[in-house]
Amino acid sequence: DSWSDYGSRDKPGTSLGRTVPDGNVLFPDIFHTDHLLFYERFRAYQDYILADCKASEVKQFIAEYLGKVLEPSGWQAIWRTDVFEVLVGVVDVNFSALKAVVQLSEPFLCESRDSSFTLECMQELLELKEHQILLQELWVVYDESGEFDQTALAIEHIRFFYRCIWRTWDEEEEDEFDYFVRCVEPRLRLHYDILEHRVPSGLVADYQNLLSQCEEVYEKFLNVRNSISSNDSDSEAENVSMVEGLKLYDQVEILKQKLKLIENPLLRYVFGYQKYGSLQAKGPRPAGAKVTHVVPCTMTASLLCLLARDKFCPESCEDLEIQFHRDPLTAVNACYEGDRVIICPGHYVVDGVFCIADSVELEGYGLPDDVVIEKQGKGDNFFDCTGANIKISSLKLVQHDAVEGILNVHHGKTTLENCVLQCETTGITVRTSAELLMRNSDLYGAKGAGVEIYPGSACTLLHNGIHHCKEGILVKNFLDEDYDAPKITMVNNMIHNNEGYGVVLVRPAMPSEVKGASAQRTKGTFLFLEETYRTSKSSIPRFLDCTIHNLYLKWNTQPGQPGDETACAEGSGQEQPTCVTDELELYKRAGTSEQTEGNYEIANVLGAASAKKSQIHKKRLSELGFTEADDNLMSQEMFVSVEGNQFKWNGKGSFGIFLF
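To convert a position in the sequence shown, counted from 1, into my numbering, add 777.
These aren't lab readings, by the way, just hints derived from the structure by calculation.
One should not assume that every hint holds.
For lysine to aspartate or glutamate, the following EDC-like pairs were computed, each having C-alpha atoms within a straight-line distance of at most 20 Å [as the list claims (entries may be wrong)]:
#1 Lys1168 / Glu1114
#2 Lys876 / Glu921
#3 Lys1173 / Asp1146
#4 Lys1168 / Asp1219
#5 Lys997 / Asp947
#6 Lys1037 / Glu904
#7 Lys1037 / Asp1027
#8 Lys997 / Glu1015
#9 Lys1024 / Glu973
#10 Lys876 / Glu904
#11 Lys1037 / Asp1096
Note that the structure is predicted; figures quoted are calculated from it, not measured.
Kindly generate the complete structure, drawing on both the sequences and the hints.
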């Protein structure tokens, strides 16, 4: 261990850098400590500061840590607030209160927004504070000897902790879990993911808004609670305050759960967020005309003749309005409802986002490899589609240094035909209430799922290749029952060479499944049900067959006797599994190939998950007193058509289920 985080008293001189404070006053240089890497902060909090403490023990552990590493006196610092900065000297440290005892340095150096902070004023302020200042408000003055390196770093860790990690409600959390594991690590990772542009800006804004709302509501809750505790009377006003306090408490809990979802590095993407809901379409042009936009790398007479022959109808050429643009992004931004964009062969590098809110057509003139649009620079998105009927064809889209997927369908219908998509993060995302038709296209390279399908969406995939992604297709069926299940059609697709599964279903665990799995996992962990298909023609392993079979028994029937499951497991040596029920036939193996089995399995599992969701919804309506429901309200079942697809060389198999 090099102890690089804390300096070393065995080596002469400081190991930290220095920085010049901003402003007009000539303050001395301070230690440069706010540049620490993730692993440096992680190791400090885990190994030296918090260890395995509970939430209620955080302040005690921090005080003990400071008592070991902090110099109690003999150093200077700049005391910074929102309205002034002043140079002070530290004469003592109150470790239990996390405060330093200070006095004004000589000469008096102070910078403020106005001239009211004189020497006398600052002395009076310090007397009111009993000369005790919070340590996180102090920036240690630079010293070349290295004697105060640990002091500067310790204060930086405490300052960062209370600014970026600690929440006012943390101390009231239950002490069942290690505070570092439950709160510090996910919040620290989120902070650095944001710094390194790995989180979409929309999600960052959502998180900051939720955090502000939670702090505001929690403060109101504390005020109500304190007013109740200070009043022992059983008056009507106190009863009203108790009801108000309960409502505020529920609001705080909901906001805290939303924050935890974003702080979790997996669930922040699984649950996603709604964006571009307010993006407004331009609509038709005032004159009602429709324009064809042409984007050439270099316009020649021969190219113009070819365009006139292939893309412009001779009988309507006289009235056709054509506009020429230098790049595809400018052309799309100039579009109104019903416009058409023709991109001539070439390699176009764009630095921006294609936000398509109107029904337009975007097509390449030539083969996809001849018409390439490449995203330059870091950014959240590449294509965001909210138009009622958008068509994109014959293009190759190349994405680099991205945070979100290559194409997001937020609203309306988007048709993608004869395209090549070279992805960076996730591939295509089909949001709730959106529709995607993808035909004869090739998608690869996604570090997440190639296609993400949200509840309430419709996705049709015909004759596509989806390969070399983290997962092939991710189907999300976890949202509230008010959302319709997604409608999915998959026909004749080649899904191969993905790191995980060809198709993954994400859904919440049923209570019976949580109860049945409690002996094998602890609270808060995820349950994975994995099913691996062999690349050879041999049948699926018996024990995997029975695992999925028993899961369906829990969904659709009363739990069977232990002897039934044992019988299935003991028969694993048989060559052809026969573990099926009258309610749901899991596999139709006779005379079918492995690929056919994969299609049957995906269709059956997705359909059964949707049916279970419909049952839960119907039960909730019954509990609310609705004995009859409208057919549209109850039509929650997932429409699934899966046939002719080929699944090859996927790392974990053709299909898997992820329970949370």
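Just pull the numbers of the violated hints for me, sorted ascending. As far as the earlier hints go, 2, 6, 9 and 11 are violated by this structure, in ascending order.
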